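Visitor: Each chain, letter by letter, is given below.
Number of protein chains: 2
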Amino acid sequence: MLRVIRVNMADLKATVEEAPAELTRLGGRALVSHVIYSEIPPTSHPLGKKNKLIVAPGLLAGSTAPNSGRLSIGAKSPLTGGTKEANVGGTAAQQLGRLGLKALIVEGKPANSGIYVIKVKKNGVDIIAAPELTGLGTYDTTARLRGAHGDEVSILCIGPAGEMRMTAASIASTDPQGRPSRHAARGGLGAVMGAKGVKAIVIDAAGAKAPEARDKQAFQAVSKAFIQEIMEQKATTLFSQFGTVGGLSYLSKIGALPTRNFSAGSFEGNSKIGGKSVAELNAARGGSFGHVCMPGCVVRCSNIMHDKNGKFLTAGFEYESSAMLGANLGLDDLDTVMGLEKMCDDLGLDTMELGAAIGVAQEAGLYAFGDGARVLDLMLEIAQGTVLGRVLGQGAEVTARVFGISRVPTVKGQAVPAHDPRKEIGTGIGYATNPQGADHTGVIIFEGEDTAEMVAKSRQKQLTTAAYDSVGLCQMTDPSLEVMAKLLNSFCGWNWTAEDVAEMGRATLTKELTFNRNAGLGLATDRLPEFFEEEALSPHGGTFKVPVDKFEEVLKF
Amino acid sequence: MLRVIRVNMADLKATVEEAPAELTRLGGRALVSHVIYSEIPPTSHPLGKKNKLIVAPGLLAGSTAPNSGRLSIGAKSPLTGGTKEANVGGTAAQQLGRLGLKALIVEGKPANSGIYVIKVKKNGVDIIAAPELTGLGTYDTTARLRGAHGDEVSILCIGPAGEMRMTAASIASTDPQGRPSRHAARGGLGAVMGAKGVKAIVIDAAGAKAPEARDKQAFQAVSKAFIQEIMEQKATTLFSQFGTVGGLSYLSKIGALPTRNFSAGSFEGNSKIGGKSVAELNAARGGSFGHVCMPGCVVRCSNIMHDKNGKFLTAGFEYESSAMLGANLGLDDLDTVMGLEKMCDDLGLDTMELGAAIGVAQEAGLYAFGDGARVLDLMLEIAQGTVLGRVLGQGAEVTARVFGISRVPTVKGQAVPAHDPRKEIGTGIGYATNPQGADHTGVIIFEGEDTAEMVAKSRQKQLTTAAYDSVGLCQMTDPSLEVMAKLLNSFCGWNWTAEDVAEMGRATLTKELTFNRNAGLGLATDRLPEFFEEEALSPHGGTFKVPVDKFEEVLKF
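For the record, the sequence lines run as chains A and B.
Numbering-wise (the working numbering), the first sequence opens with residue 833 and increments by one.
Numbering-wise (the working numbering), the second sequence opens with residue 833 and increments by one.
In isolation and in its complexed conformation, chain A is listed as follows (with noise of 0.2 Å):
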């Protein structure tokens, strides 16, 4: 029978319990959407002593199916104060599995101002007050907490912005080399974990035994066969090669790429800061490709990249970070690029929001777009915590309120990502319809225009990646229902069709979509910002013209 952990930061002590029946048959975003639906008051403060913070991993976490160790991480988002699960990869969830725990569940609020460390391991929990992790990075705090549990041990870590609270917030999770390059980096997660005084999650899974298959046969030939097929999609091939990042110029090249704060789609810098640079970097310096951020991964997508003395300099240098660090902020040069978001990780920062932010600074007259040099100071001001660091720190939406700015660029307070919505017409569906204020994972259609295809598109990509954020598979691996069905029946021994599977997915998303109205989050909250209709995207004139009534119909199930 798998296990809960409830720690309570009001008086620092830890439950173990056998998972309740409601939650037998729920894993990652599905619990996690659960737990924040049924036990989350919806209209109290997200940095509240009644907020939750969740970690839950997959289904099939702890198992041998590829790309199958992905971590759910939720709460109530301080961001868009709607619901809010962030998914991440490391190698937390395998840990998590190995230790038959179904979540962490971490509730209350510290009397005092304490920072402490929550230790999960074989025969317990452990709440060790930290107060010499008080301001660290997350590089510095990982490489003390592996000193101190081992390098073994994953971990789950706010930088200074998490303590800080800021909505821009990230937690961290390390890598299969102990790297915090990993980031559940949307809503603000890492100021729940700050409001919360828990600057880290140590999780040893030292003495466990790895969960086996109920019918280990019919799951090693599911497993084969669906390796087998993500090796033979055409992303894998790509990204195994350049990363995410390697979609840059392509996405440029359509007129899709945010460019100076989205005022235009291409980018005549792309090629510097994209794959092919990034790649030649890597060729002249040692960093490499093809790296994974978490075991058993087949598509590895993850690189390594070195500075110019040849030394490491970060991990994971994804699309999203290229694109809205660089190309939104009219950067085109690579090192200084991947400098912010070395700085976004060490800081415990979402690249995609900060980018956003800086952004809308420039229009405050705070930043000149392609000023590499300011954009460093900034992330300056954010680190030490003056006011205007907090106030960038709390991502675009306010930095466009305190600087009176009506141009912005945020769905339900949550920074639009690299894919314009007035190319990318169904992402600006699921923008405007996910539950999770504009994300970058689960909406993304590159092609189409006819309304009633996207919206239908949309549904059924944000019911998949319900799905499979559910089960705990990386979205790189773009599995089928039937697909998610067969692992979870060999593994769990259950007798789901591809329906049980889309049904889960359905309920999420329902449950998510009920917690934002609970919370407030009105109908029409579910918009984009009135400038994508407005203003015409350069190169291709497009502006984004589906009609608002749609919107209902997209997650209407």
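Because the hints were derived from the structure by calculation, they are not lab data.
Because the structure is a prediction, the values reported are computed rather than measured.
Please note: incorrect hints may appear among the correct ones.
Just so you know, same-sequence chains aren't split out, so a pair can sit in one copy or run between any two.
To be verified - Below, in silico cross-link-like pairs of lysine to aspartate or glutamate (DMTMM-like), each with a Cα-Cα straight-line distance of 25 Å or less:
#1 Lys1104 - Asp1209
#2 Lys881 - Glu1365
#3 Lys882 - Glu1365
#4 Lys941 - Glu1366
#5 Lys1377 - Glu939
#6 Lys845 - Glu1366
#7 Lys941 - Asp843
#8 Lys1104 - Glu1044
#9 Lys1143 - Asp983
#10 Lys1140 - Asp1209
#11 Lys941 - Glu1365
Chain B: place on chain A using the hints.
Guide: Same frame as chain A, now just chain B:
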């Protein structure tokens, strides 16, 4: 036939047209809320070109009915994201009435960042570039405009706060002596005016004749009886002797006075900033009570306050200002509190929003209760437009957000004014449910605890207020539906019953509520912050316990 002026700031052109049939029986708040509801796209950005600033005198404007010169100003609020009508005294409404104007509607946004004065006069409208007024306080602005346009004009203007598009920015309205001491304070309407590039609206009724009542004899008789009624109210005597600040010590005594960021309901320094001290000061320095903010006022609740040198300091030093800038900041030095109030008037800021914001700043460690010098420094930050100043100038909600604070005294993003809902239960119901956000007018109910009774009283209070805000009568006169019907019938030649007046109130509230829903403010935004339910208020230990499902009944008609 009454007329409507529309000014388009995009092309700097104005049109004057006869009021369309749908507006014929609307005035003041009813007209403002109707135009917001029917003309402003509900999800458009409040500082964008699609928002409209609507200025509308009440239905009795220009008449000789007592206290009938209230003015409604409205727009989609940049503070709440919902509908907003702010009601203000001064002389503007009477001049608009004499000019035969139903409304002035300012639309669009100038292409450049220019700053303009709109002058409304008998024979038309001038739109005048006024770069020389950039950055001026409301006192300097009105002094210069009176110099240019004569002492008899009425002026509505913004200070630096509105120019900086701060969402705590008010619109000042001049009193009979031309002082910008009356404010359409709430909801950040000054930021909307600022975003439209309008520094001031000058209203000059020279040459225009006052409108005559259709049935003069009846109108005079009703007016006379109404004056009698007003004079017999107990509050009238109190107000004319001490101003509204006369109630401060009573509110402290019963434990409803927000003290030190809403941490107590009684302030030990209440007598130093309340009515008697204000009276002693006036006796010593030559200030006065019994001042009127508009011609025809028989309540005379305004006051004139002098400084230590016996010179004019501020007018209209109200209860809400003394409470929120005094008790709520732990300040008991009357000169300091009056000085802050004057600074707010001059910068064009809502004293309630500012008091609440600085109260929140205390929790962020930016302020210590009782530190008058520090609060003056913070006001200077606002005046100078530093980043901290801009944050505070956004109000309590953004201040809390930037500094990661979860205890936030706001409803729909608007600061709770100076009646603590843990003592005034009925007021709390109104704060939660009023479409305007936590307002200080139209919802105050001093006594009672029974939920059903409080729900019914709040409904009636909100309805009656919506009616007299439309008729143009001051809330201090507390007019009955019957009196309003009689005044309207004899002045306008209508044939309304009290029920017709009530229906105007209902229709107005319904449009306001519908606009909020259409703007994305869901049902669950009609809530009080959770700390009012959790923290017992000293000295009486009260908490706010009304079940939230009761809120839905309040405005169901």
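Visitor: All hints, please: hold or fail.
Guide: We went through each hint and held it up to the structure:
| no. | hint | verdict |
| --- | --- | --- |
| 1 | Lys1104 - Asp1209 | within (22 Å within a copy, 47 Å between copies) |
| 2 | Lys881 - Glu1365 | between (40 Å within a copy, 14 Å between copies) |
| 3 | Lys882 - Glu1365 | between (38 Å within a copy, 13 Å between copies) |
| 4 | Lys941 - Glu1366 | between (45 Å within a copy, 15 Å between copies) |
| 5 | Lys1377 - Glu939 | between (43 Å within a copy, 24 Å between copies) |
| 6 | Lys845 - Glu1366 | between (53 Å within a copy, 22 Å between copies) |
| 7 | Lys941 - Asp843 | within (8 Å within a copy, 54 Å between copies) |
| 8 | Lys1104 - Glu1044 | neither (47 Å within a copy, 75 Å between copies) |
| 9 | Lys1143 - Asp983 | within (21 Å within a copy, 74 Å between copies) |
| 10 | Lys1140 - Asp1209 | within (21 Å within a copy, 46 Å between copies) |
| 11 | Lys941 - Glu1365 | between (43 Å within a copy, 18 Å between copies) |
The structure fails to meet hint 8 from the earlier list, while all remaining hints are met.
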